[in-house]
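Build out the structure end to end from the sequences listed, making use of the hints.
The listed protein sequences derive, respectively, from chains A and B.
Using this note's numbering, count along the first sequence one by one with no gaps and you end on 124.
Using this note's numbering, count along the second sequence one by one with no gaps and you end on 1614.
Be a bit skeptical, because a hint or two may be false.
The following residues of chain A were derived to be distant from chain B, with all beta-carbon distances above 10 Å [unchecked claim]: (1) Arg32; (2) Ser37; (3) Gly62.
In silico lysine-lysine, DSSO-like type, Cα no more than 30 Å apart, as pairs [claimed, not checked]: (4) Lys1554/B <-> Lys1566/B; (5) Lys19/A <-> Lys1558/B; (6) Lys1566/B <-> Lys1550/B; (7) Lys1575/B <-> Lys1558/B; (8) Lys1554/B <-> Lys1575/B; (9) Lys19/A <-> Lys67/A; (10) Lys1550/B <-> Lys67/A; (11) Lys67/A <-> Lys1566/B; (12) Lys1575/B <-> Lys1550/B.
No lab work stands behind these hints, which were simulated from the structure alone.
Being a predicted model, the structure only gives us computed values, none of them experimental.
For each residue, glycine too, the CB sits at the ideal point set by N, CA and C.
One-letter residues, chain by chain:
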Amino acid sequence: DSGVTQTPKHLITATGQRVTLRCSPRSGDLSVYWYQQSLDQGLQFLIQYYNGEERAKGNILERFSAQQFPDLHSELNLSSLELGDSALYFCASSVRQGAGDTQYFGPGTRLTVL
Amino acid sequence: GNSVTQMEGPVTLSEEAFLTINCTYTATGYPSLFWYVQYPGEGLQLLLKATKADDKGSNKGFEATYRKETTSFHLEKGSVQVSDSAVYFCALSDRAGGTSYGKLTFGQGTILTVHP
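Next up, the structure:
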C-alpha cells in the first residue's frame, strides 16, 4: 500500500459526459501528479500541482482540468468524454517536486467510455 | 525533448534465469533515473532509482547503474522468480535550467513472464 488513495476504482460512462477523479496523497506529500495509461500512448504525464499551485503541464487535453485543494487532495475533471479517453488514470504524490524525489502511485481509476 | 526507450518485449524466462532489460534515455538536463514495476491490476511501485552518474540503484535483487556515457540504465537480476512476473517501466525525471518539477517520462514498458 503506497498510501495514495484514488476513487473511484472503476468508472463507466458514455460519450459526451463529464467525470471527476479524486486523489488523496500520502500524508505530508505536497506534490500531486496525474498520469494517463493507455495501450496506444503508454504512460503519459498530464499535470502536476504543488501545495495548491499548478506547476507543470504535459499532454493534457483542453477538455481536462485539475485542481489541488487546501487539504492537498486533488481532482481531475474530464469533460465531453470521447471513446479515446478510456484509460487508466494514475495519481502520484511526492514530498517535494525535485527530479530525484520518489513518486508514490495510487492504484488508479479505470475509465471506460462507451 | 526527453525520451526513454526500453527493449522490445515481452520477455519470457525460466525461474532462476538471468534478467536484463535494456533502457536508454535522451534528456536535455541532468536526469534522475527510475525503474518502476506494475503487477497485474495494481499501480506502479518504485523498484529502484539513481540520481547521478555512476550511481547504482538496487532493491530485491534487482540492480541498475546510471551510465551517462552510454545514456543507459539497464535493469538486471541474477536469478528471477515466478513472483517477478510483471511489467517493468524505465523512467526519467529531468532538471534543466535550474528548474525541476519531477514529472516522469516513461518508456513503453516491458512485460516479463517467469515460468517455473
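Exercise for the section: Could you let me know if the closest chain B CB is still more than 10 Å away from the CB of Arg32/A? Expected result: Its Cβ never comes within 10 Å of chain B, the nearest being 15 Å, so this holds.
Exercise for the section: Would you mind confirming whether the straight-line C-alpha gap from Lys19/A to Lys67/A stays at or under 30 Å? Expected result: Answer holds: Lys19/A to Lys67/A is near 24 Å, not above 30 Å.
Problem - Restraint check for Lys67/A with Lys1566/B, where alpha carbons must lie at most 30 Å apart - result: holds (27 Å)
Handout entry: 30 Å limit on alpha-carbon distance, applied to hinted pair Lys1550/B and Lys67/A
Key = holds (25 Å)
Problem - Straight-line alpha-carbon gap Lys1575/B to Lys1558/B, limit 30 Å - result: With a Cα-Cα distance of about 9 Å, the restraint between Lys1575/B and Lys1558/B holds, given a limit of 30 Å.
Handout entry: Satisfaction of hint between Lys1558/B and Lys19/A, Cα-Cα up to 30 Å
Key = Roughly 29 Å separates the two Cα atoms, so the pair holds.
Practice task
Sort out whether Lys1566/B lies within 30 Å of Lys1554/B, counting only the CA atoms.
Solution key: Holds, because 12 Å separates the two Cα atoms, which is no more than 30 Å.
Practice task
Would you assess whether Ser37/A, listed as outside the interface, keeps its beta-carbon beyond 10 Å of every beta-carbon in chain B?
Solution key: holds (17 Å)
Practice task
Take a quick look at whether Lys1554/B and Lys1575/B sit within 30 Å of each other, Cα to Cα.
Solution key: At roughly 13 Å apart (the allowed maximum being 30 Å), Lys1575/B and Lys1554/B satisfy the hint.
Handout entry: Restraint check for Lys1566/B with Lys1550/B, where alpha carbons must lie at most 30 Å apart
Key = holds (9 Å)
Practice task
Mind verifying the non-interface call on Gly62/A? Its CB should be farther than 10 Å from each CB in chain B.
Solution key: holds (15 Å)
Practice task
Would you check the hint for Lys1575/B and Lys1550/B, treating anything up to 30 Å between C-alpha atoms as holding?
Solution key: holds (21 Å)
Violation of the numbered hints given earlier is absent; every hint is satisfied by the structure.
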